[in-house]
Amino acid sequence: MDAQVGIGKAKQMGFGHAFKANFLGNAPEWYKATILVFLVLNPILMLTVGKYVTGWVLIVEFIFTLAMALKCYPLPAGGLLAIEAVVIGLTNPYTIYHEVETNLPVILLLMFMVAGIYFMKEGLVYLFSKVLTKIRSKIMLAFLFCIMGAFLSAFLDALTVTAVIIAVAFGFYNIFHKFASSHKILEKYDVNHDHIVDDTFREDLDQYRGFLRNLMMHGAVGTALGGATTLVGEPQNLLIGTIMEWHFAEFFFNSAPVSIPVLIVGLLTCITLEATKFWGYGYQLPDTVRKVMEDDVKAKDAKMDTRARVRLIIMALCGVLLIIALGLHLAEVGIIGLMIIILLTAFNGVIEEGKIGHAFEEALPFTALLVVFFAIVAVIHDQHLFAPIIQWVLNMEGQMQLVAFFAANGVLSAISDNVFVATVYMTETQKAFQAGGISLEQYEKMAVSINMGTNIPSVATPNGQAAFLFLLTSALAPLIRLSYLEMVKLALPYAIIMSATGLLATMYLL
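In this note's numbering, the protein residues as written are 3 to 512.
Read the hints as simulated data drawn from the structure, not as lab findings.
The reader is advised that the hints may include incorrect statements.
Simulated pairs of lysine to aspartate or glutamate, DMTMM-like, Cα-Cα distance not exceeding 25 Å [claimed, not checked]: (1) Lys73 / Glu252; (2) Lys123 / Asp196; (3) Lys136 / Glu124.
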């Protein structure tokens with residue numbers, strides 16, 4: 003009856019009201035009005051204050067769409083801002099295409115590696131469920147997530163590692179949510195629906211969300227800690243290493259005076275936050291949830307037939323192959339991901355197009371959002387928005403120049419793309435070195451400052467690290483109530499302590 007009334011109202015609705023209702027769908031009215039104000043304001047600013055100021059305003063507007071990711075996925079609103087940037091002349095399609103071309107490995111990674119991890123989800127959840135039920139100390143679990151994120155990111159890449167921990171956490175959440183909803187399921191079960199959760203489990207579910215938020219942030223920060231230490235840990239590391247002609251060992255030892263102290267302090271911060279239950283950390287795994295997880299593991303073990311065991315063995319073998327292929331860099335990460343998809347679907351019997359297509363649902367919206375993000379980066383490039391800061395830092399000398407490089411790269415990476423920031427700074431630094439303006443020793447130290455600056459302070463915001471942005475826009479984030487502001491809040495202690503350590507190490511140890 004209600005549906006029929008709704009259909010009747012929709013038919014009677016005027017064109018203007020229909021357009022208003024359709025524009026950004028179910029987003030709050032104030033959000034829709036804000037985006038419209040942005041779209042009207044930008045051309046006016048272009049005519050009155052010029053491209054430079056309008057470019058900075060556009061960055062703030064885009065960050066707003068990211069901050070409101072739980073109200074409206076950033077792609078539609080952020081995409082409108084990007085289209086307008088092209089229309090009013092802040093950038094052009096050719097620069098955007100160049101940014102996409104430069105970052106093609108990241109796009110391939112998102113398209114294929116994340117889908118590959120999807121086909122390993124069953125095995126990952128099974129493995130980590132056993133770990134979760136065996137380790138009762140939250141401090142130990144948090145440390146394990148952080149150090150494993152760091153170790154794996156040092157040899158693989160942060161996005162792949164983040165995709166793994168997202169898949170694991172999603173699986174964990176789904177197990178308890180389905181159990182808590184079992185008494186009220188009168189319709190098709192949906193993990194996004196909380197109205198079907200039994201009231202007796204709501205408090206446990208909220209506690210469990212906090213527990214998973216903590217683990218996800220420890221793991222995500224761990225990827226930044228480990229990613230900063232090696233040549234292959236982050237895309238900008240490879241860029242810096244290529245320009246400096248550093249091999250794996252050279253990169254590690256040149257960066258070690260800063261990266262190792264930051265790594266140690268970061269891991270100690272993880273332990274301290276959980277031990278003190280400070281700043282939104284310290285959520286414990288409810289006993290009810292632990293019992294459900296233990297029962298789920300036992301039930302799966304009891305029901306597991308030979309085919310299921312073979313599936314898990316195939317997943318394990320593909321996991322080992324994945325680590326070896328990524329560690330030895332046998333191909334681009336995305337190509338390795340495609341290989342994993344092919345092997346897992348072929349040997350585990352996933353041959354229906356619908357089932358294969360479902361694996362790509364998680365990553366493709368974020369891939370599209372990342373291309374929109376590159377359009378904003380193109381505005382930064384074409385309008386030289388960072389040029390004054392770059393020139394100011396290059397005009398400094400000695401250790402203060404290194405500290406300024408670290409700080410400037412950190413601030414700019416927190417609001418932009420750290421690969422873009424590293425590219426701009428390394429290009430300008432290389433020109434200064436080739437012109438004889440700086441010595442080889444200072445040049446090498448500046449490269450380390452750029453590396454650590456783009457990797458560490460950028461954990462302060464989700465847009466600072468691709469792995470953080472992927473986590474924010476994942477299907478998991480709304481389930482565990484991980485908003486933009488919540489991520490900023492939880493990352494803040496890490497960002498302050500790690501950045502301060504990096505600054506001091508740059509000043510006194512580099």
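Here is what the structure says about each hint:
1. For a cut-off of 25 Å, the pair hint linking Lys73 to Glu252 is broken: about 46 Å separates their Cα positions.
2. Proximity of Lys123 to Asp196 is assessed by CA-CA distance (about 23 Å); at most 25 Å being required, the pair is judged to hold.
3. Simply put, Lys136 and Glu124 have alpha-carbon atoms about 19 Å apart, close enough for the 25 Å limit, and the pair holds.
Consistency with the previously given hints fails for number 1 only.
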